[in-house]
Structures are given as structure tokens and as C-alpha cells.
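K.L.:
For reference, the chains in residue letters:
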Amino acid sequence: MDTTVFIYIMDFIGTAAFAISGAIAGIRKNMDIFGVNILAVLTATGGGIIRDLIIGSTPPKAFTNPVFVLVAAITANIVFLTVFWSHKSGVKFSGKTRAIYDRIFFWCDTVGLAAFTVDGVHAGLEPSLVSNAFLIVFLGVVTGVGGGVFRDVLSLEMPVIFVKHIYACASIVGAVVTYVWYMASNSGAASLVAGFFVTVVIRYLAMHFGWNLPKISNNGKSAW
Amino acid sequence: MDTTVFIYIMDFIGTAAFAISGAIAGIRKNMDIFGVNILAVLTATGGGIIRDLIIGSTPPKAFTNPVFVLVAAITANIVFLTVFWSHKSGVKFSGKTRAIYDRIFFWCDTVGLAAFTVDGVHAGLEPSLVSNAFLIVFLGVVTGVGGGVFRDVLSLEMPVIFVKHIYACASIVGAVVTYVWYMASNSGAASLVAGFFVTVVIRYLAMHFGWNLPKISNNGKSAW
Amino acid sequence: MDTTVFIYIMDFIGTAAFAISGAIAGIRKNMDIFGVNILAVLTATGGGIIRDLIIGSTPPKAFTNPVFVLVAAITANIVFLTVFWSHKSGVKFSGKTRAIYDRIFFWCDTVGLAAFTVDGVHAGLEPSLVSNAFLIVFLGVVTGVGGGVFRDVLSLEMPVIFVKHIYACASIVGAVVTYVWYMASNSGAASLVAGFFVTVVIRYLAMHFGWNLPKISNNGKSAW
Chain A
-1 MDTTVFIYIM DFIGTAAFAI SGAIAGIRKN MDIFGVNILA VLTATGGGII RDLIIGSTPP
59 KAFTNPVFVL VAAITANIVF LTVFWSHKSG VKFSGKTRAI YDRIFFWCDT VGLAAFTVDG
119 VHAGLEPSLV SNAFLIVFLG VVTGVGGGVF RDVLSLEMPV IFVKHIYACA SIVGAVVTYV
179 WYMASNSGAA SLVAGFFVTV VIRYLAMHFG WNLPKISNNG KSAW
Chain B
-1 MDTTVFIYIM DFIGTAAFAI SGAIAGIRKN MDIFGVNILA VLTATGGGII RDLIIGSTPP
59 KAFTNPVFVL VAAITANIVF LTVFWSHKSG VKFSGKTRAI YDRIFFWCDT VGLAAFTVDG
119 VHAGLEPSLV SNAFLIVFLG VVTGVGGGVF RDVLSLEMPV IFVKHIYACA SIVGAVVTYV
179 WYMASNSGAA SLVAGFFVTV VIRYLAMHFG WNLPKISNNG KSAW
Chain C
-1 MDTTVFIYIM DFIGTAAFAI SGAIAGIRKN MDIFGVNILA VLTATGGGII RDLIIGSTPP
59 KAFTNPVFVL VAAITANIVF LTVFWSHKSG VKFSGKTRAI YDRIFFWCDT VGLAAFTVDG
119 VHAGLEPSLV SNAFLIVFLG VVTGVGGGVF RDVLSLEMPV IFVKHIYACA SIVGAVVTYV
179 WYMASNSGAA SLVAGFFVTV VIRYLAMHFG WNLPKISNNG KSAW
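Residue numbers (the working numbering), protein chains in the order written: chain A, -1 to 222; chain B, -1 to 222; chain C, -1 to 222.
Each hint should be verified, as a subset may be incorrect.
Identical copies go unnamed one by one, so any copy, or any two together, can satisfy a pair.
Each computed DSBU-like pair below joins lysine-lysine, with the alpha-carbon atoms no more than 35 Å apart [unchecked claim]:
| id | residue 1 | residue 2 |
| --- | --- | --- |
| 1 | K27 | K86 |
| 2 | K213 | K59 |
| 3 | K213 | K94 |
| 4 | K90 | K213 |
| 5 | K213 | K27 |
| 6 | K90 | K59 |
| 7 | K59 | K94 |
| 8 | K86 | K213 |
| 9 | K86 | K59 |
Honestly, the hints are just simulated from the structure, not real lab data.
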């Protein structure tokens, strides 16, 4: 199958996944249905807009192809209405519902990160754009983490990229795998899928086993 | 009259209005006169800079035409000095002064939103740029809300777009009206004025009558 | 010596200095080694990325020349490991260590501000880009303060530009000096060095003598 199709699929998956994470973040901040839509759309399109501005491809895809904004908005409304009606119809807020939202948030954030990371790497592979492996990886990472940074900064939360272990790390490894695989096999589709799964798996394993990176702690006191 | 002149007037009105809202936000955060200037300039030029980056028109207008930065800075200084001298000369801080600042902030924020929304729609109407109605509206909304998002994120406040009912909503309706009017009448000036007033009126009515959009509440508890 | 070489040196100095300030900000927020790296890289490259997006030079330098990202990352790791090992080997957290970090942060932030300010002015001097003195200075200031704004917004701190007296002010004076010197002498190198030192000296003097700009205070109460 054509690489372009796979990039489109990745964009689509990443958009929907980040839209869900943005919608959950908005609901958590008690935003109304419209605020939830806006946050979801910005989260879903943020990474791609940053990517397009960086490579000088203006207007960004999000402004030339309505499907991404539409997918994000429809997704956000489904999430909002599901949560709205389930609580309306008697589901109580509890540690259990909270854990469910946490889990959905984690998976959507991870899938969005992975999809946009490999997408960003392929945007950097465009002929005559950047010829340096290091910087193609950098573009992949910025595209991957962009949506989440938008979401967190706009909802006044510490960006997940700084506090969740192995977030940008997973993105970097995924970007490297995508790039190396593409260079070795010249198969765009396979490299996208490989990079995507590597990113997801690393992030899942890090969460599951509680992998930690070194941190400087002042005996548990946060301000120093 | 020429459409270009009307766009210029809208830019001018939006710049001054957003500068006042930025100056009030800065004064509220106890910034000094210089911080107030910077915040006002960034609020006033933010939406336009985002618009120009998106349509690939670099350097952005704010950097090629000094009048916008100048208008914003002069406005900010007038606001700062007025507040400074009025309190110096005996006006006490009270619920009443606070309500006055709130009201000025509301109107300036609303006028800025409306002016930049219609301005953004017309930037998207440029020949051969975007041909999709959906996306022209999206560009209008991003341009309209951009300055306020800059102001709120930079002063560490939850962006007004997420928490005030019918903010982005008013911008969307105003953008649609501008676009449809222009397509139907081919009159740039009339479409700008129509879209501007529709945005302002919707936002005023929403505030006045306390219109609300559905929201998911955990019995008043905010974090869940 | 060639102006290009001096611009390169300024970029290099600014990148390293902002990377240190970003690393310290990250360590203060208890980020792990990876978060510290990301924040340092974004702080160090933020001003330059904003500059390149504004003048339409895409992809930004940070994406075409790996040296800046590398310098920022290496610097961040040196800072992290130094702090990590010094506390591991018995140095206690105290008012004294805190004061040392504060002082290093101040100097690095100041040097980064100065280096990117003069760099931004020269980017605006490129033939046929902007011909207006006012706007060349504006580009210098935006480039100078951009990295610090990224750093502060991403770590949920009030941007230093709004609260530290004579921060943007020093940048403006430095930008003016750079521009005027260049116009008068046509020596790029000398104008860069002059603007750099003027910015640093003004900021140092302001800190040392506690210069203040007028501010509106509600008898010490912050919210009004």
C-alpha cells in the first residue's frame, strides 16, 4: 500500500486519540461542551500545525483539509455526551470512574504521541527539506509531543512531557526506529507501523513497570 | 468604501480593544508599567501574528507595520496611567471599582474578539489560499480568539475561551455570518460590519441573560 | 572578523546560557533528567524558532543545524549531573545553595536575553526583509525574550518578562544600540558586541540597585 495512505491513517488515528485526551482534560476542568470541543480540536491539531509551520507548509493541513477538525470535534462531542449521559443516568463519581478516565486518557495520549511522532518523521523525509537524521528525529518528536503540550498548557497543567517518565523518550526511540527502518527498507508503510508500535510499547512498559529516570529530590520537598 | 479600509479599521479597533484588556489583566497581576505594556502588545498583536503565520504571510503585519504595536503600547500606557493616577488621587479599591474594571474588560475583550474574527475570515478569503468555507471560518475563529489565549496563558489564567460561555461560539457565528454575507453580496465592507455586530451582540446577550452550555459537574466539586 | 561568525558565536552563547536557565527551572520543578533536557532545549531554541517563523525562514535553524539542540542537551546534562552528584555526595539543600542557583539562573537568563536580542536585530537587518527601525528592534526583543517565555509558560511560572523589572526594557535598549551602532558604523561585529554588553549591564545594574518601575498596588493585596 502507498505510504501516503498510511500517513493519512496515522494522522486520523492521532487526531481522534488526542481529541479524546483533550476532551477528558476539558471535562476534568469543568469546561462546558464548547470549551471541551475547542480544547479537543487544539490538542488534536496542535502537533500537526507546529509541524507544518516548521517545515513552512502553509496554510497547515488542519486549515486546508476540514476532515481533521471535524474528526476532532465529533470525537469530542461523543466523549462529552457519553460522560454527560452516563452520570445523568446514575453513574456516581468515584475512585473507580476516575481510574477508568485515567486509563482512557493514558492510552489516547500514548496513541496520539506515537501516531504524530511517525507522521512528523515522514514530514521531515520530504525531499530537499532536511537531510540530517538528527533533525528529522527532532521534527518527529516536536510533532508528537506538540498536541499534548498545547492541551496541558491551555488547561494550566504541568505538561505531561515533563512529568511522565518515558514520554518524550518513547517518542525519540519511535522516531529513530521509523527513520532507520525507512532508510534500511525504503518502505514507508512498514516504517510508520514499526515506529508507532515501538512508541506505544515503550510507553506502556514504562507505565506498567513504573520505570523511572533519575530525579533530584530535596527529601520530598518540592520547592527549593 | 474599499474593503481594505474596513479591514484596516477592524485591525485598529481590535488592536486597541485587546490592548486595553491586556493592560487590565497585567495591572490585576501587579505587573509594573513595562510588563503591562508587553502583555498589552502581545494580546493585541497575538491573533494577527497567528493569522499571518498560518497563511504563510511573513513577516507578520505586526512586524511590517509599526502602527499596531504603537497603538497597543499607547493604549496600554493610557490605561496604566489612568488607573495609577486615579488611585494615587484617592479612589479606593472596592467592589465598585472592581466591577467597573470587569465591565471594561468584558467589552474590550468582546470587541477585540469580534474585530479579529471578521479580519481573519477576510484573510482566508484571499484568492487561491483556502477554498473551503469550513476552514475560512476556522481561520476567523483562531484569529479572533488568539489574542485572548495569549493574554490568559501568559498571565497564568485559565483561557477565557474555555470558561466563558458563548465566547468561541460567538466567534464562530460571527465568522459564518461574515463569510455567508460576503458570498451572497460580494460586499466586503458590509460583511465585516455584519459579522462584527453579530459577534458582539451574541456575546452581550449571553452575558446579560446568563446563557449556559451543558457542563458535567461532580456535585460542585471541581477535581475528579 | 566576519559578522556571520559573530552571529554564530552569539547564537552559541545564548543557546548554552538559556539551556542552563531551563535546566535549573526544570530541576526546581522536580523534573527527571529527561524533562530537564526537554525544557532546556525548548528554552534554548525557542527564541530562535520564533525569530525564524516570523521572518519566514523555514525550517528554523534549530532544525537544520543540529549543533544548537546538541549544545543545549549537553549543557542540560552537565547541569543536571552536577547538581545530582553534588547533592548525592553530601551537599545539603539550604538557603545558601538556593542563592547560588538563583545567581546562576539570573546570569544565564541575562546572557541568553542579550545574545538572542542582538541576534534577532541582525536577522531583521537581512536585505529586503524589514526596512523599519522600529520593527527591527521589535524582532530583536521578541527573539531575545522568546526562550524565557517558553521556559516560564511551560513550567507554569509567571513569565519573568512581566515580573522582573528592566527585563524587556534592557532588551529594547540593547536592540536599539545594536541597530544604531550598525547603521552608524556598518560594523556588524561591533554592533553585536555593543548591544550584548549594554543589555547585560542594564539588567545587572537594575538588579543590583533594585531599580523599580511604577506599579499599581492595592495596599499589598495582589488580587483586586
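K.L.:
Each of the hints needs a verdict: does it hold here or not?
P.N.:
We went through each hint and held it up to the structure:
1. K27 to K86: within (18 Å within a copy, 39 Å between copies)
2. K213 to K59: between (38 Å within a copy, 31 Å between copies)
3. K213 to K94: both (30 Å within a copy, 21 Å between copies)
4. K90 to K213: For K90 and K213, the Cα distance is within 35 Å only across copies (16 Å; inside one copy 37 Å).
5. K213 to K27: Answer is both: 29 Å inside a copy and 10 Å across each meet the 35 Å cutoff.
6. K90 to K59: Result: close neither inside a copy nor across copies, 41 Å intra and 52 Å inter.
7. K59 to K94: Intra 39 Å, inter 48 Å, cutoff 35 Å: neither.
8. K86 to K213: Only across copies: K86 and K213 sit 11 Å apart there, 43 Å inside one copy, limit 35 Å.
9. K86 to K59: The answer is neither: 38 Å in one copy and 49 Å across copies each exceed 35 Å.
Figure legend: structure checked against the earlier numbered hints; hints not met, in rising order: 6, 7 and 9.
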